[in-house]
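Using the sequences and the hints given, assemble the complete structure.
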Amino acid sequence: MVSKFHDFCRYFKNINLGFVLLFSVLILTFLGLVVLASASLSFSQASASIFNKQLLWLFAGLIGGIVMFLIDLEKLREFSKLIAVGTVLLLVLV
Numbered sequence: 003m004v005s006k007f008h009d010f011c012r013y014f015k016n017i018n019l020g021f022v023l024l025f026s027v028l029i030l031t032f033l034g035l036v037v038l039a040s041a042s043l044s045f046s047q048a049s050a051s052i053f054n055k056q057l058l059w060l061f062a063g064l065i066g067g068i069v070m071f072l073i074d075l076e077k078l079r080e081f082s083k084l085i086a087v088g089t090v091l092l093l094v095l096v
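Under my numbering, read the sequence shown as residues 3 to 96, first letter to last.
For the record, the hints were derived by calculation from the structure and aren't laboratory data.
Do not take every clue at face value.
[Said to hold, decoys possible] Computed Cβ-Cβ distance ranges for the label pairs, DEER-style:
(1) F10 <-> V37: 29 to 35 Å
(2) V87 <-> H8: 45 to 51 Å
(3) F7 <-> I68: 37 to 43 Å
Don't be surprised by glycine CBs; every beta carbon is placed ideally from N, CA and C.
Listed below in C-alpha cells is the structure:
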C-alpha cells in the first residue's frame, strides 16, 4: 500500500505542472468560448458582438500576460509600493 503511494507521488514529481496548468487553462478557455457562442445563438446580431468582445478581451489578456512574463522581477520590485497603492485605489473605485 505504501509503495503504491510512493509510486503515485513519484509519477507526479516527473510531470511538469506548468504545462498541465497551461493546457487546463487553454481547454477551459476554449470550452468557455464554445458555451458563450452556443448560449448566444438565439440572439442574431448581438451574439456575434458578445463573442467578438470575449475574443478581444481574451487576446488583450494574453498580450498582458506575455508582457508581464517578460518584465524582470527586480525592476518590478522598484515600483512595488506604487503598484500596491494603485491597486488599493482601483479597489476603492470599484
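Structure-based check of all given hints:
For the pair F10 and V37, the supplied restraint of 29 to 35 Å holds, since their beta-carbon distance comes to about 33 Å. Restraint check, V87 to H8: a C-beta distance of roughly 48 Å satisfies the suggested window 45 to 51 Å. Separated by about 39 Å at the C-beta atoms, F7 and I68 satisfy the suggested range of 37 to 43 Å.
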